[in-house]
Amino acid sequence: MDKKASKSKWNLTPEGWNLEGVPAYQDEKRYTQVGRSVPRVDGPIKVKGEAIYTGDMTLPGMVYGKIKRSTYAHAIIKKIDYSKALELPGVLTVITGEEAPNKWGIVPQAANETALAVGKVRFYGEGVAAVAALDEETAEAALELIDVEYEPLPVLLDPFESMERAKEVLIHEDSPGNILHEGEQVYGDVDKAFAECEYVLEREFHTNYPQHGFLEPHSALASYDPQNGHLHLWASTQVPHYLHRQMSIVLEIPMNKIRVTLPAIGGGFGGKGEAAASEFVACLLSRKVGRPVKVTYERNEVFFTNKGRHPCHMKVKMGLDKDGYIQAIDFDNTMDKGAYSGWGIVVLFYTASMLHLPYKVPNARFRGRSVYTNKPSTGAMRGLGGVQPRWAMECLLDELAEMMGISPYELKMKNAIESGHTCINNMFVPHTEYKKCLQTAVEKSGYLEKHGKLSFGKGIGMAGGYYITGTAYTLYQNYKPHTSVMIRVDTEAGVTLFCAAADIGQGSNTVMAQMVAEEMGIHFEDVNVQAGDTEIGAFDLGSFASRLTYAAGAAIKMACVEINQKIKETAAGMLGCRADQLIIKNREIYSMYESKKRLPWEKAVEAYTSINGSLVSLGNFSPPRRKGIDLITGNRVQGANIGHSPTFGFSAQVHEVEVDVETGRIYVKKVTEAGDCGTPVNPMSVEGQVEGSIMFNLGACLYEDQKLDAEGKHLNPNFHDYKTPTTMEMPEMDTNIVESYDPTAPFGVKETGEGAVQPTFPAITNAIYDAIGVRFYNLPITPEMVLKALKEKKTTSCDCKCSKEC
Amino acid sequence: MKQLIELDINNRVYEVAVDARDLLLDVIRKKVGLTGTKKGCGEGDCGACTVLIDGKPELACIKLAIACQGKKITTIEGLIQEGGALHPIQQAFVDYGAVQCGFCTPGMILSAKGLLDRNPHPTEYDIKHELSGNICRCTGYKKIIEAVEAAAQVWSKEGVK
Ligand code: FES
Ligand code: FES
Chain A
228 MDKKASKSKW
238 NLTPEGWNLE
248 GVPAYQDEKR
258 YTQVGRSVPR
268 VDGPIKVKGE
278 AIYTGDMTLP
288 GMVYGKIKRS
298 TYAHAIIKKI
308 DYSKALELPG
318 VLTVITGEEA
328 PNKWGIVPQA
338 ANETALAVGK
348 VRFYGEGVAA
358 VAALDEETAE
368 AALELIDVEY
378 EPLPVLLDPF
388 ESMERAKEVL
398 IHEDSPGNIL
408 HEGEQVYGDV
418 DKAFAECEYV
428 LEREFHTNYP
438 QHGFLEPHSA
448 LASYDPQNGH
458 LHLWASTQVP
468 HYLHRQMSIV
478 LEIPMNKIRV
488 TLPAIGGGFG
498 GKGEAAASEF
508 VACLLSRKVG
518 RPVKVTYERN
528 EVFFTNKGRH
538 PCHMKVKMGL
548 DKDGYIQAID
558 FDNTMDKGAY
568 SGWGIVVLFY
578 TASMLHLPYK
588 VPNARFRGRS
598 VYTNKPSTGA
608 MRGLGGVQPR
618 WAMECLLDEL
628 AEMMGISPYE
638 LKMKNAIESG
648 HTCINNMFVP
658 HTEYKKCLQT
668 AVEKSGYLEK
678 HGKLSFGKGI
688 GMAGGYYITG
698 TAYTLYQNYK
708 PHTSVMIRVD
718 TEAGVTLFCA
728 AADIGQGSNT
738 VMAQMVAEEM
748 GIHFEDVNVQ
758 AGDTEIGAFD
768 LGSFASRLTY
778 AAGAAIKMAC
788 VEINQKIKET
798 AAGMLGCRAD
808 QLIIKNREIY
818 SMYESKKRLP
828 WEKAVEAYTS
838 INGSLVSLGN
848 FSPPRRKGID
858 LITGNRVQGA
868 NIGHSPTFGF
878 SAQVHEVEVD
888 VETGRIYVKK
898 VTEAGDCGTP
908 VNPMSVEGQV
918 EGSIMFNLGA
928 CLYEDQKLDA
938 EGKHLNPNFH
948 DYKTPTTMEM
958 PEMDTNIVES
968 YDPTAPFGVK
978 ETGEGAVQPT
988 FPAITNAIYD
998 AIGVRFYNLP
1008 ITPEMVLKAL
1018 KEKKTTSCDC
1028 KCSKEC
Chain B
4 MKQLIELDIN
14 NRVYEVAVDA
24 RDLLLDVIRK
34 KVGLTGTKKG
44 CGEGDCGACT
54 VLIDGKPELA
64 CIKLAIACQG
74 KKITTIEGLI
84 QEGGALHPIQ
94 QAFVDYGAVQ
104 CGFCTPGMIL
114 SAKGLLDRNP
124 HPTEYDIKHE
134 LSGNICRCTG
144 YKKIIEAVEA
154 AAQVWSKEGV
164 K
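The listed protein sequences derive, respectively, from chains A and B. For the first sequence, this note's numbering begins at 228 and goes up steadily by one. For the second sequence, this note's numbering begins at 4 and goes up steadily by one.
Calculated directly from the structure, the hints in this document are not laboratory data. Mixed in with the good hints, there may be bad ones.
If you want the footprint, here are the derived chain B segments under chain A, 3+ residues with CB under 8 Å [stated by the list, open to error]:
1) 78-89
2) 137-145
Just a sample of chain B residues kept apart from chain A, beta carbon distances all over 10 Å, derived [said to hold, decoys possible]:
3) ASN14
4) VAL16
5) ARG32
6) LYS42
7) GLU61
8) ILE69
9) GLN72
10) ASN122
11) SER159
With a Cα cut of at most 27 Å, we get these calculated DSS-like pairs of lysine-lysine [as the list claims (entries may be wrong)]:
12) LYS131/B / LYS671/A
13) LYS33/B / LYS515/A
14) LYS34/B / LYS5/B
15) LYS5/B / LYS311/A
Glycine residues also receive a C-beta, built at the ideal position from the N, C-alpha and C atoms.
Kindly generate the complete structure, drawing on both the sequences and the hints.
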């Protein structure tokens, strides 16, 4: 083989990364740029109010779009008459769903959404028509002049009712039984294992219907150029690529004539992880009127169209042997999909995969179905597919520990996985410090001293969790790398990283700059990041599933191999030594054996570019696949459909609560968290992610729930009636990053910010049990529920907090 | 009927034509063009639109523009110090990691300024109480509270204009 080809960067394994010049004694973990709490690169412009979000933009000649929304949750659209709207001065055009009937959806096998409703509405607030007008007021006035005639259909709001009445009414003609997808995954012999168990417990759990509540409403600004057929879209999205792709399908414009650019993004949490009607409508209107059009949602529109968390109705059975080792899990999950498919199939199978970690589970059976209802669609929300089963499992383990008469901590430690674990569904965990997380959280909180010993009304509860890192599959059939980066080095712009990744507020632009700087031996301030643009940046799948730091880190490492090599070769010539003896650190290049041989890094860059011009290199990342046909044995490798991941992040939390027995209110007083995120690239950002995660699910556990009336009308589409935690509800938080380094991961990194939402529900639920001796199986746990339970308890048992008869 | 009014925003007087029903938030963002003031809800529930009116934090989304004539309005853009330096609260937000997506940030900072102007030595409870009308969905508030505490210290030591 050609020597050059065999040494090509494309063939490098993780172990082979950047080995030039690294002597054996040099500790690869001795980072200078990674592992530092540097302030975010976009911090100053954000505090000055100078960061530009989509809603802040104006373009010359820009007009405004508004969407007419359905007042029925399920109805046939008989007629739309917008002639009066067109007559209103200032109105430029009106469109309806018929003008763009192509279906879109992030999972193409089930794509069934249209830009605006075609023929039928399936949830209250669905868009039926849209107006472009010179100003927002006129656009709003025009909406009032659009007449829509509906023929109401039965409204199905409960997934069980929806399945039952499917013969009578279908939400989607092509989905019999009103079921989006039904699936089963069986590993091992579950029934046999249960028969041999010493402790078996089965419970039903029902989760609620929270939504993301990102503070910046969806906004899209589209500019179509009729002269060259190019479309430029600025949008508040987490997934520029998927949006790009869907836009191409709906507008029938090739992708290379569409450019998606991300201004600053005001949060997403999964809610901007699919295309949104605002984006299609802005583009369709712009193409029709030949001027830039901006569509910004009002807060109630965000609620009407939100893709919040799936309510899950779960039957979970778990069996332990006499020593407390988990032998089997049987999990049945009915998920409320809402009106359209979206991420549905993916979320369904995530809930299946989530059973297999972070404990050793030798036998598992999953049966699940995702059922259409006439609600705003559910979708991706922080900790997608993990939060609901995690809640059930961690609560069950708490109960089982009590059955066994041991501490939940002991039971969880006993069953916790260790590095190098292969699950029965073939998920592989190369590295974990989960036990260290449990231990740290328990020790720092004093859990063992407090659990079961606090006075009535006070309680402490613990739970663990984990999440994927880097993901494994594209959502449509394609093997292309999930992330590509391009790095350019020259004397003009210094170092610039080009990547279409989306910084939605989580801080990826800062973290990517740190990783580039680390790998190139310079400082993070030296790196310019050009992200969030499908034309400028190299390909990236998007910010979801905690994939970005890992994926971008791997791609950056690959791109830097060639750059470092070229710079070192140039420097070697200048210094009169061998390139493989050179080290670049701290903006300096020096020989590791003759420390006098050194020169500033930029001198070598200057020398290189004055001969060759800009130095440009590409890197990319594709996660491993663990499913399919094993080509050597010819066997089919059975694995989870989804949930494979190159590595996983872990978290454990202990929550301390106080329950006011008079009012039923629950106060979370203190949270002690310990997380395994591998190398924290930016520890301050990690803390911010974890603290935000705790807040996020504390809200969803105790307050947040979307309410619909019997007709499917949204009852709390605002922050007044939909309560989210404020500063006053927040507990004291002690978050700890446990020492961890995943040797298989770029820079040793793993996720944070989705793993840390997982333990919150069960830790609070377990703490409430410890406080008042009542177990809750429904969310959110409201004061009314607490009071009712306390009343029932009083009539059935004694006043003391023990759960046993006395 | 539109009328011409004068609004004193960040020590500059803007002449704007407004309707009696025009909201201060829309006037600041669309007519004056200062987009640092954010609209998170438009219903008085989230605090993203907080501005200072005669030094007091107020929600611009539920305030009529005409009612603000003759008053001193401060938006986030008005906090900038000589030579472009950051105000101590702004600096603390950057240094303490109190900013993630940044959409709540202008409102948070102005609420904090309203507090520190009134009470330069707030307790943690004072800060929590003052900021309880500002929703942040990213940070969990901890670093925001720490930033305000730190700013209060710098401020009382070094002072600010
Ligand atoms: S925008 Fe004014 S309070 Fe939300
Ligand atoms: S930083 Fe995103 S809402 Fe506060």
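In ascending order, which of the hints set out earlier in this document are inconsistent with the structure? Of the numbered hints given earlier, those the structure breaks are 5, 6, listed in rising order.
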